[in-house]
Amino acid sequence: MSKVFLALQDVDEARPIVEAALKDNPGAELEHQPAMVRITAEDRLVINRDTVAEISGTDWDPQDIQLVLISFGGNVEEDDDAFSIYWN
Amino acid sequence: MAKRLNMRERYKLMTRLGWEPSYQPKEKIFPYDKYEGIKVKDWDAWEDPFRMTMDAYWKYQGEKEKKLYAIMDAFAQNNGHLNLTDARYVNALKLFIQGVTPLEYQAHRGFARQGRHFEGEGARVACQMQALDELRHTQTQIHTISHYNKYFDGFHDFPHWHDRVWYLSVPKSFFDDAMTAGPFEFMVAVGFSFEYVLTNLLFVPFMSGAAYNGDMSTVTFGFSAQSDEARHMTLGLQAIKFMLEQHEDNVPIVQEWIDKWLWRGYKVLSLVSAMMDYMLPESPMSWKEAWEIYFEENGGALFKDLERYGIKMPWYADICAKEKDHLSHQVWGILYNHTAAAAFHTWVPDDKKMAWLSEKYPDSFDKYYRPRYEHWREQQEQGNRYYSQTLPCICQTCQIPMGFTEPDDPTQIAYRSSEYMGDKYHFCSDPCKQIFDREPEKYVQAWLPPQQIFQGNCGGASLEDVLKWYHINLGADNMDYVGSPDEQRWKQWKGLLDDEPPAEVSNG
Chain A
0 MSKVFLALQD
10 VDEARPIVEA
20 ALKDNPGAEL
30 EHQPAMVRIT
40 AEDRLVINRD
50 TVAEISGTDW
60 DPQDIQLVLI
70 SFGGNVEEDD
80 DAFSIYWN
Chain B
0 MAKRLNMRER
10 YKLMTRLGWE
20 PSYQPKEKIF
30 PYDKYEGIKV
40 KDWDAWEDPF
50 RMTMDAYWKY
60 QGEKEKKLYA
70 IMDAFAQNNG
80 HLNLTDARYV
90 NALKLFIQGV
100 TPLEYQAHRG
110 FARQGRHFEG
120 EGARVACQMQ
130 ALDELRHTQT
140 QIHTISHYNK
150 YFDGFHDFPH
160 WHDRVWYLSV
170 PKSFFDDAMT
180 AGPFEFMVAV
190 GFSFEYVLTN
200 LLFVPFMSGA
210 AYNGDMSTVT
220 FGFSAQSDEA
230 RHMTLGLQAI
240 KFMLEQHEDN
250 VPIVQEWIDK
260 WLWRGYKVLS
270 LVSAMMDYML
280 PESPMSWKEA
290 WEIYFEENGG
300 ALFKDLERYG
310 IKMPWYADIC
320 AKEKDHLSHQ
330 VWGILYNHTA
340 AAAFHTWVPD
350 DKKMAWLSEK
360 YPDSFDKYYR
370 PRYEHWREQQ
380 EQGNRYYSQT
390 LPCICQTCQI
400 PMGFTEPDDP
410 TQIAYRSSEY
420 MGDKYHFCSD
430 PCKQIFDREP
440 EKYVQAWLPP
450 QQIFQGNCGG
460 ASLEDVLKWY
470 HINLGADNMD
480 YVGSPDEQRW
490 KQWKGLLDDE
500 PPAEVSNG
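Line by line, the protein sequences are chains A and B.
Numbering that gives the first Met the number 0 numbers the first residue of the first sequence as 0 and each following residue consecutively.
Numbering that gives the first Met the number 0 numbers the first residue of the second sequence as 0 and each following residue consecutively.
Looking at chain B on its own, in the form it has when it is part of the complex (with noise of 0.2 Å):
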C-alpha cells in the first residue's frame, strides 16, 4: 500500500496546479504583477506556513461557524443585553459596525480582487481563502451585532454611513487607497502592516473589552475570527519575506510602502485608542498599554527579525511612542466636540473613569486633559453641553480633524501644507504630509466630507440637511449618552428610573 503523503506533500500536490499558458501571453493574464517594479525570480519558492487544503478549510470553519452561531442564539434568547456593564460600551460596538465591519468587505473584495493577479498559485489560493474568511467576517460581525440594533440607536444604517460620514471617511479611505494600489503594495498594505503588525491593536482593544464589559457575543465572534486572522497574518508575513527574498531591489519599494502604511494603519487605530480608553465602562488596558506591549515590544521583535533583509522600523516610531500619552485624549475630544454630528455618543468621563486615566497616564491626563473634562462637566450641568456648529478642517491624508499636538509639545496643534499644481493642502504631521507628496496625485483625488458638505454634495447648507442626507436620527443616534434614548431604556430595564418600581425582566 502506498504510503501517505505528509502534509507539505499532499498541499503541494492540491494547490500548485498552474501551467505555463499558451493560448494567451502570460503578461495578458497577469497584466498587473510588474508594474509595481517588484521583480520575482521563483514563484516557487513561496513557503506556504499554514497548508489548508479546501477539505480542511470547510471542515474547520464549518465546526467553528456551529459554535459561533449557537452562542449568538443563546445569547439573543437569554437578553444578553442586560448583562453589559453600561449602555455607554454599546457605542465601542456602533464605532465597529460603522468603522471596521465594512472594511472586512472590502478586504473581501481586495482579497479576491487583487490575488487573482499574482502569478504564484500558492499566492493565489491563500488570498482566495482570505477573500472567504473577510466575507465570513463580515457576516459574522453583521450577525452579531444586529442583536444590538434591535435594542440600541446607532446600529440601523451603517453602510449608508460609512460611505458618507466624517468620521468614517478614516477608515473608508484606508481601503480605497489600498483597493487602488497594486496587488504587491496591497498585500503589504492589508496582509502585512494591518493583519501582522497592527490587528492586534484593532482586536484585542475591541474583544478584550467586550469581556470586560458583558458582552459575550462579541467576545465570542472574536475568538472565532482570529482563529482565521491567524492564517492572514502569515500570509502578510510570508508575502512580505517572499518579497524581500526574491530581488534585493524589492527592498526600498517594500520599506516605502511599510513607512506608508503603518502610519495610515496607526491614524485609523487611534479612533480605536479613543474607544478603549473612553467608551468602555469597565477597561482591561489603556492605549498606551497596548501601544508598548503589541507594537513596541511585539513590533520591535518582528523588525528584529526583518532587519538581515534590510528592513528597519519606520522613521516615525518614536512619534508614536511620544504621541502615545495623548492620542486618545486628542480623539476623544474630537469625537466629543462633533457629536452632534455622529452615529454615536459620547460624554464626559466620570470620577471613576478619570481616576484609571489619571493612573495610566500619569504624565499627560492630570496635566492636559483633567481640566478639559472638568470644565466641560461644568458646561454640561449648567445645560450648555457643546456642539461644534462648523466643520473641522481635515487632514488630506487620513482625514482626521486636526486636532492632533506637535510630538514634542502637547499645547501646540500640528499643521503641515503643501503645495500641489496650485492648490494647497492640510495634514495634521509630518507622515501624513509625506504620504501625500510621495503620491500627489492619489490624494489630491480624496472625497473629503467637510469640502462635500460645503461644496453642496450632502444634502444642503444646514447641520440638519446633512444629517438627513446621513440617515442619522436626531435626538437618537446622536448627541451626548446623557439624555438619549439609549440611557432612558437602559434605566428603564435595570430599574433605575427614579421615579420607576424596577422593571421585570423578560424570559422570552
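In isolation and in its complexed conformation, chain A is listed as follows (with noise of 0.2 Å):
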C-alpha cells in the first residue's frame, strides 16, 4: 500500500474539485498549507466529471483540472470521465 497525493490551489475554482475527491473517495485525507490544499489517500484516488460537474453545477472537463493544479504523487490517467492518480 502507498500513499497518492493531490496538491491544488486553495483557490474557489478548486472547491467543487476537492469535495467530489472527497466523496468518491473514502478514506482520503485533506490537508491545509498556505495557498494550498492536499488530498492524500491509499494506492488511488479518482476525481469524476460527473460529481464535480454536480457539485458545481456546470459542466466540467477533467482537464480543467490543470488549472488548479500545483502537483501530484502517483501515475497518472486522464480521460473524457475522471482523472485517476494511482500507484500499482
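Hints are not guaranteed to be accurate.
[Claimed, not checked] Simulated pairs of lysine-lysine, BS3-like, Cα-Cα distance not exceeding 27 Å:
id	chain 1	residue 1	chain 2	residue 2
1	B	Lys366	A	Lys2
2	B	Lys441	B	Lys33
3	B	Lys303	A	Lys2
4	B	Lys303	B	Lys38
5	B	Lys25	B	Lys40
6	B	Lys38	B	Lys25
7	A	Lys2	B	Lys359
8	B	Lys351	B	Lys366
9	B	Lys40	B	Lys27
10	B	Lys352	B	Lys490
11	A	Lys2	B	Lys321
12	B	Lys311	B	Lys33
Hints were generated in silico from the structure; no laboratory data involved.
Got two chains here, separate frames each, mind docking them using the hints?
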C-alpha cells in the first residue's frame, strides 16, 4: 500500500474538485497549507467528471484540473470521464 | 451524425502524424537515438498520460498567463514587496533568479533539441510542449522577480553571473552535463530525476517560503508553473517506464542514469537546503522534513512501484539520510565564508532562528553548528566579520566547495580523489567520485571557477579584479546583510531607522 497525493491551489475553482475527491474516495484525507490544499489516499485517487459537475452546477472537463493543479504523487490516467492518480 | 471521438482517440489522430521516410534513411533523420544503447521495439507503445492537443494547450496556458500577470501587476502597483516579513527573505529570490531561472532556459533548449531526436511522435510532441513550458517559466520568473530588481541588489546581471560566478557553476554544470548527453539520458536526467523525483524539493521550499514571508507574487508564479510541472512529471515517468518496458537490456543503463542524476540533482538541491533553513525569516519546514516527505516517503513509493522492472533505490540513499541533519548547515557555512564573492547576502542566524534550528535538528544543531554561529556572531560584534580571502577547493563533479563531512562523522571533512591521465581530481563524496570514474572524459573538461581564476581567465589576480569581471557591485550585491544597502533601504521603508521618523508609505 502506498500513498498517492494531489495538491491544488486553495481557490474557489478548486472547491468542487476537492469536495468530489472526498466524496468519491473513502479514506481520503485533506490537509490545508498556505495557499494550497493537499489530498492523500491509499493507492488510488479518482476525480469523477460527473461528481464535480454535480457539485459545481456546471459542466466540468477533467483537463480543467490543470488550472488549479500544483503537484501530485503517483501515475496519472486522464480521460473524458475522470482524472486518476494511482500506484501499481 | 458521427459520434465525437474520445480523448484518447482525438489525441492519437492529432499527434501520430509520422510516416516512413523514403527520401532519406531513418538513421540520418534520427542520428542519436541508438548510440546510447537504449533499445526500442515499438514506439506505438508510448502512452500519453496528459492528452493535450495544441488548442487545449493554448487555451489553458493563455488562461494561466492572464491570471498570473494580473496578480503581478497588482503586486507591483501596491508595493507588495513592503509586505515581506523581512528583507533577508529577498536573498532566496536572488538565489532563484541566479541559479534556477537560467536552468529553465537550459531546459527549454534541451527539450527542443533532444526532443527532436526521438523517433516516436508522442515523445517528440511532449518534448516540444515542455520546451514551450520551460521558456514560459524562464519568462514568468524574470517578470515576477523583475519587481524586486527595482528595490534590491543582487538581481541586475543574473545571466552574466550564472555563466561565471563560482557557486552558480553548481547548477550550470548540472545542465551542461545533461545537454551534452544523448536524448534518452537527457530524459532520465531532467524529465525523470529532476522533474519527477526531485521537483518538489526545489519548488515547495521556494514557494511555501514565499507564502510564509509575504511574497504573493512568487507564490502565484509558483502555482502557475506547477500545473505545467504536472505534465512534465508525467512525461518523465512515462519515459522511464517506456524504456524499461521496451527491452530488458535497457534496465541496467537506466539504473546507472538514475543513480548518476539523482545524486547530481541532490547536490544542486543542497543550495536550496541552505536557503530554506537559513534565508527564510519564517520557515514553513526544514530541509530534513522536506527530504523525509518528498524523497524518503514519496520517492520510496515510486521506487517500490519501479521494483517490478528491476529498478532499485540508488545505492547512496542512506548517505542522503545521514546527511539530512547536516547538509543545510554545512552549505550555509560555505556561503557565509565566501559572501564577499557572492551576489547575495548571508548573516549569522538570530536567536529565534537558532531556536527553530535546535527544534528541527535535535541531533545535530546544538552539538555541531550553534557553537560555530555563536563564535561568528561574537567576531562580528567585535568588528571581525570573517570573509575568506582565498578560493576553496571544489569537487570536480558537483563543483561545490569541499565543505561536506563523512556520512558517519560530521567532524571529518570528506575527501576523495581519482587519477586520470596523469592528473589528480578531487571529490566531496563517494557518489561524486563514482560519477567521475564512470565518465572521466566528460568531467575533466569541466570549467571550474577557482582553477579558472588562478589561470588568470577571470579578470585578474585580486578578489576585486574578479568581482569586477563578475559584474558584482562591491559593497552592494555582496557581503553580510547587516550593513548592506538592502538593509538600509528596508529599515527606511519600514520606519526602523533609529534616528528617523516613520517614512510615509507611497501608494503610487
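Cross-check of the supplied hints:
no., hint, result
1, Lys366(B) to Lys2(A), "violated (35 Å)"
2, Lys441(B) to Lys33(B), "holds (20 Å)"
3, Lys303(B) to Lys2(A), "holds (11 Å)"
4, Lys303(B) to Lys38(B), "holds (24 Å)"
5, Lys25(B) to Lys40(B), "holds (15 Å)"
6, Lys38(B) to Lys25(B), "holds (15 Å)"
7, Lys2(A) to Lys359(B), "holds (25 Å)"
8, Lys351(B) to Lys366(B), "holds (17 Å)"
9, Lys40(B) to Lys27(B), "holds (19 Å)"
10, Lys352(B) to Lys490(B), "holds (20 Å)"
11, Lys2(A) to Lys321(B), "holds (24 Å)"
12, Lys311(B) to Lys33(B), "holds (25 Å)"
Hint check: a violation occurs at hint 1 only; the rest are consistent with the structure.
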